[in-house]
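Peer 1: Chains as they are written, first to last, in full-length UniProt numbering: chain A, 1 to 578; chain B, 1 to 578.
Everything labelled a hint here was simulated from the structure, so no lab data went into it. The reader is advised that the hints may include incorrect statements.
All copies of an identical chain are treated as equivalent in the list; a pair is satisfied when it fits inside any one copy or across any two copies.
Okay, derived cross-link-like pairs now, EDC-like style, lysine to aspartate or glutamate, Cα gap no bigger than 20 Å in a straight line [said to hold, decoys possible]:
1. Lys427 / Glu82
2. Lys52 / Asp62
3. Lys179 / Glu196
4. Lys525 / Glu121
5. Lys427 / Asp468
6. Lys527 / Glu121
7. Lys527 / Glu219
8. Lys431 / Asp297
9. Lys179 / Glu59
10. Lys527 / Glu558
11. Lys442 / Asp530
Quick caveat, the model's predicted, so the values are computed rather than measured.
Protein chains: 2
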Amino acid sequence: MRQNQLMLSTLRESPGDAEAISHQLMLRAGYIRQVAAGIYTYMPLGRRVLRKVEEIVREEMDRAGAQELLMPALQPAELWKESGRYGVYGPELMRLQDRHEREFALGPTHEEVITTLVRNEISSYRRLPVTLYQIQTKFRDERRPRFGLLRGREFLMKDAYSFDTDWEGLDASYQRMYKAYHRIFERCGLNFRAVEADAGAIGGEGGTHEFMALADIGEDTIAACTCCGYAANLEKATSRAAASESVGSHTAGPSHSASVPAIEKFHTPGIRTIDQLVQSVGAAASDMLKTVVFVADEQVVAVVVRGDHEINELKVKHYLGAEDIAIADAETVLRLTGVPTGFIGPVGLTLPVLVDYAAAELTHGIAGANEGDYHYRNVQPGRDFELSRTGDFRNAAEGDGCPSCAEGTLQFYRGIEVGHVFKLGTKYSEKLGAQFLDSSGKSQTMIMGCYGIGVSRVLSAVVEQHYDANGIIWPIGIAPYQVHLIPIAVKDEAQMQAAQQLYDRLLAEGVEVLLDDRDERAGVKFKDADLIGIPLRIVVGRDIASGQVEYMERRAGEKQAIGTEEALERVLAAVRGR
Amino acid sequence: MRQNQLMLSTLRESPGDAEAISHQLMLRAGYIRQVAAGIYTYMPLGRRVLRKVEEIVREEMDRAGAQELLMPALQPAELWKESGRYGVYGPELMRLQDRHEREFALGPTHEEVITTLVRNEISSYRRLPVTLYQIQTKFRDERRPRFGLLRGREFLMKDAYSFDTDWEGLDASYQRMYKAYHRIFERCGLNFRAVEADAGAIGGEGGTHEFMALADIGEDTIAACTCCGYAANLEKATSRAAASESVGSHTAGPSHSASVPAIEKFHTPGIRTIDQLVQSVGAAASDMLKTVVFVADEQVVAVVVRGDHEINELKVKHYLGAEDIAIADAETVLRLTGVPTGFIGPVGLTLPVLVDYAAAELTHGIAGANEGDYHYRNVQPGRDFELSRTGDFRNAAEGDGCPSCAEGTLQFYRGIEVGHVFKLGTKYSEKLGAQFLDSSGKSQTMIMGCYGIGVSRVLSAVVEQHYDANGIIWPIGIAPYQVHLIPIAVKDEAQMQAAQQLYDRLLAEGVEVLLDDRDERAGVKFKDADLIGIPLRIVVGRDIASGQVEYMERRAGEKQAIGTEEALERVLAAVRGR
Chain A
1 MRQNQLMLST LRESPGDAEA ISHQLMLRAG YIRQVAAGIY TYMPLGRRVL
51 RKVEEIVREE MDRAGAQELL MPALQPAELW KESGRYGVYG PELMRLQDRH
101 EREFALGPTH EEVITTLVRN EISSYRRLPV TLYQIQTKFR DERRPRFGLL
151 RGREFLMKDA YSFDTDWEGL DASYQRMYKA YHRIFERCGL NFRAVEADAG
201 AIGGEGGTHE FMALADIGED TIAACTCCGY AANLEKATSR AAASESVGSH
251 TAGPSHSASV PAIEKFHTPG IRTIDQLVQS VGAAASDMLK TVVFVADEQV
301 VAVVVRGDHE INELKVKHYL GAEDIAIADA ETVLRLTGVP TGFIGPVGLT
351 LPVLVDYAAA ELTHGIAGAN EGDYHYRNVQ PGRDFELSRT GDFRNAAEGD
401 GCPSCAEGTL QFYRGIEVGH VFKLGTKYSE KLGAQFLDSS GKSQTMIMGC
451 YGIGVSRVLS AVVEQHYDAN GIIWPIGIAP YQVHLIPIAV KDEAQMQAAQ
501 QLYDRLLAEG VEVLLDDRDE RAGVKFKDAD LIGIPLRIVV GRDIASGQVE
551 YMERRAGEKQ AIGTEEALER VLAAVRGR
Chain B
1 MRQNQLMLST LRESPGDAEA ISHQLMLRAG YIRQVAAGIY TYMPLGRRVL
51 RKVEEIVREE MDRAGAQELL MPALQPAELW KESGRYGVYG PELMRLQDRH
101 EREFALGPTH EEVITTLVRN EISSYRRLPV TLYQIQTKFR DERRPRFGLL
151 RGREFLMKDA YSFDTDWEGL DASYQRMYKA YHRIFERCGL NFRAVEADAG
201 AIGGEGGTHE FMALADIGED TIAACTCCGY AANLEKATSR AAASESVGSH
251 TAGPSHSASV PAIEKFHTPG IRTIDQLVQS VGAAASDMLK TVVFVADEQV
301 VAVVVRGDHE INELKVKHYL GAEDIAIADA ETVLRLTGVP TGFIGPVGLT
351 LPVLVDYAAA ELTHGIAGAN EGDYHYRNVQ PGRDFELSRT GDFRNAAEGD
401 GCPSCAEGTL QFYRGIEVGH VFKLGTKYSE KLGAQFLDSS GKSQTMIMGC
451 YGIGVSRVLS AVVEQHYDAN GIIWPIGIAP YQVHLIPIAV KDEAQMQAAQ
501 QLYDRLLAEG VEVLLDDRDE RAGVKFKDAD LIGIPLRIVV GRDIASGQVE
551 YMERRAGEKQ AIGTEEALER VLAAVRGR
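Just chain A, with the same shape it has in the complex:
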């Protein structure tokens, strides 16, 4: 491609509202343009990268035995009502009516459509298992679209769905996808981790892994072991202590209860937070018992964790088997318990009390006294309040022991979720009646898995990991072009002729080349080239008189004067070596 003809404009400054580096760079380098909040046009360079990621995904899906189909974006609302999701999906589901006032949803995901399809097409175990996938535009009306392609409202996804006759089959289908995802993200040049994740609203039994590209901008926290392969989303991560508690018998409180003095109330006027308590009392946060009241569905409960720990709402929700959970507001707490904000505690509380394992181990705890401006000290769980509901109700903390090995501790990373594999089980097949006849002629429910990749999000994730102060540095496998060929002075006949010859030879070898044939100053050309981030660069300048060009890898940044033949060879080695 000749750059003179390429529909490309670079920007010196990035628009003020672009927070993420990838968003800034993709705007500045002319890969994307915003049409509305969270809605983008992929410019020719951006489209090329997107297509390369698509092709990698397609190749690896095909290799894993998945079959491509294409389902519609417009989905009849009836399907979503049948699965029970129409009411609960909330405002993220974009809804519209057709001219006959029939309701439709713009698909954010396709469980309903695929399950109905397979229900209608397959009736015998002989035609299972099957894994189907599509690469398709999805819609999700994010409350706060941001970070460019990282959280958009219209985006490209690969979604796959497996159908098996039994759970062992699902395990195998899941493993195939899990492995394919590793190959895909490796080929895209991502630094990623597959982490255990919470099942979330999509529901279903069995395991789930998120594929996280490590990046500071990531909205998820990953807890990974310093020693073994353990890695989990913080929402799911547990610690060695909690893990051993959950397999052992429930604690009856600390073992050395005899040595603790009796509980004692003391005056703490206006001291409502852990921080204030630490400052005024002088004790450590790890000696406090933090109590928070939640409304879970119709139920009201108190959850107690150590003052230095964070409550994990998801864990509480799962423990209670609730659909919805939220912190109770101050008014509700006051009405139900008579206790003003900041002074609630487990001792004598009339609500059911859920106690985190680590809190249950405290011996000289400090807790709210359920009375304005008063706290207790020397609180001992099991002695001063009941310990009938213990569990892992907190976020793992950095430095906690790894739950999966004996040596490691947990270290935290930020991650961008670029993929997700999920054992759905029978959640959808049951509701939508996807049955098959087994070998003995008995009707059974299909066992499903679903597997997503945020194809457009991968672009942003890659840029978050591959850039420097001057711009993007694409991994060669998904770069818009492999080589940027830059004659410095296009009006110099010798330079342009040499550049043209190199261009033709590279094209003949199947290399993707962008020829900067613009009549611009060298500084402008190099600045643009750095920004755009094509991984290999050949500069044709005055030294072409002695047959020399400048060869550079964008990542290394080191320029080398070499002959044109050698430049050609290096390019071919780099392109074919991938």
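Given chain A, put chain B in place with the hints provided.
Peer 2: This is chain B only, laid out in the frame that chain A set:
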């Protein structure tokens, strides 16, 4: 691909509501499944064909110098308001609101988005011309979706847009697309004609051609010359007589007016139609003057054509420069003229009268007398009523002289519109302010063209042209697989082993093969193979003992017993010969 694993079910009967052959066959052969009216899932076989058409379109667009981008389906309503189309597009435009109650349209086309984009990106003549395209899902809420993929509500399109500095540039851009379209449809195996078409609601000055796949199910009529290359959509087609009139001076009526007897009123009780007149009076329809009253915008006019001709509303509309046109209802006509339905005529009519050239040539015309139950005979245009507004107001008729050559006559065909190239001019660039600075620094408006291909519709059009009583016959360039390899008895070790060897060798040669490894009766396998329509077939049966297989081209249907090596060679010749 092994057929045992392929997500495919064929149907013996086609669903009752599928009218078009292509719709029936694509359902029966398992290429598509309906999700809602006009909304389909492409099953794996259908997805493969769709991808092949996509790739052909992409290759030819790239070869023609167009650059691919990807615009969003969700378009802010403001853009459509700015172009003035939001109000006039009607219920075919699917509209929705986001969670903040901002209005969006689901793009049926992208003139607004692309013009705004290019306006923002390009400001100098130096960066023009440019042609941009995308392959993308479009939405149009058809009043009556039907014929499967031929008239759907969600469909795949290629749309391209060119931007030039002047009209000569547009002509060149248009020609490049015109030629690319020929290559695309040839490669898809379509029998098509490029026909002159009416500019229609999309507006703009300059030419437009439709690419019509010839097929009886087609909703358009094409008038094509028996001699020269002339071909036009009936809405646009003219005849030799009309064409020569329009370039000469307007007629003052027939030349031999002296010999015609005076006008004479006669009683025609209850005779309201041309057919009834022909029967009761005994004259030919071509001697009648048919008069129809139209409301065009605020204007009411009468249009007169010969009794054997059909009025072309579009031609009348263009003549009047009207936005809207419709036949006046009986009540309106009665109120304005006092004449009951069936008896209106041009003689003494108080409305403006538009007379078609052919009608203006009549000498002994029969026309309504503007009085219930009476007609006139011996009506002579120019003598008995004014001929100040003559023009080509009728549809060309089959057998009319060709307007473009001296010998040919017009023949009619039915066609499916698979592509459309269109000189938009400045219609959108003016409204949306797409200006550039010319070489003298003066601000000018960009000159645009737009170019569409109904990618998914091509599938249906191809099937309408390529089938027989047993099923589809895909052209090899877009077939889901190139070879259908069928071992008759999969439990026969010799057969399966030979089939497996052939399969491996074909795959190694890059041939796309579907191996029917199902344990089914030969009859079932052949019936399915015929229905699915893979163009080349190799059957491995008992003769494999003597090294022979059966080779067949689906189109010819003739089976030949040949050696496996020869079968392999024939396949490679057929696949590479395309």
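Peer 1: Could you run down the list of hints and mark each one as holding or not?
Peer 2: For each hint, the structure was consulted:
1. Within a single copy, Lys427 and Glu82 get their C-alpha atoms as close as 12 Å, which meets the 20 Å cut-off; across copies the closest is 46 Å, which misses it.
2. Both within a single protomer and between protomers do Lys52 and Asp62 lie at most 20 Å apart by alpha-carbon distance, with minima of 15 Å and 16 Å respectively.
3. Taking CA atoms no more than 20 Å apart as the test, Lys179 paired with Glu196 passes inside one copy only; the shortest distance there is 15 Å, against 54 Å between copies.
4. Proximity of Lys525 to Glu121 under the C-alpha cut-off of 20 Å is restricted to the inter-copy arrangement: shortest distance 18 Å between copies versus 56 Å within a copy.
5. In this assembly of identical chains, the alpha carbons of Lys427 and Asp468 never lie at most 20 Å apart, being 45 Å within a copy and 44 Å across copies at closest.
6. Only between protomers do Lys527 and Glu121 lie at most 20 Å apart by alpha-carbon distance; the minimum there is 19 Å, versus 56 Å within a single protomer.
7. With identical chains, the CA atoms of Lys527 and Glu219 are never at most 20 Å apart, being 31 Å at best within one copy and 55 Å at best between copies.
8. For a Cα distance limit of 20 Å, the shortest separation of Lys431 from Asp297 qualifies neither inside one copy, at 22 Å, nor across copies, at 54 Å.
9. Taking the shortest Cα distances, Lys179 and Glu59 sit within 20 Å of each other inside one copy (13 Å), while across copies they are farther apart (32 Å).
10. Only within a single protomer do Lys527 and Glu558 lie at most 20 Å apart by alpha-carbon distance; the minimum there is 15 Å, versus 64 Å between protomers.
11. Taking the shortest Cα distances, Lys442 and Asp530 never come within 20 Å of each other, neither inside one copy (64 Å) nor across copies (33 Å).
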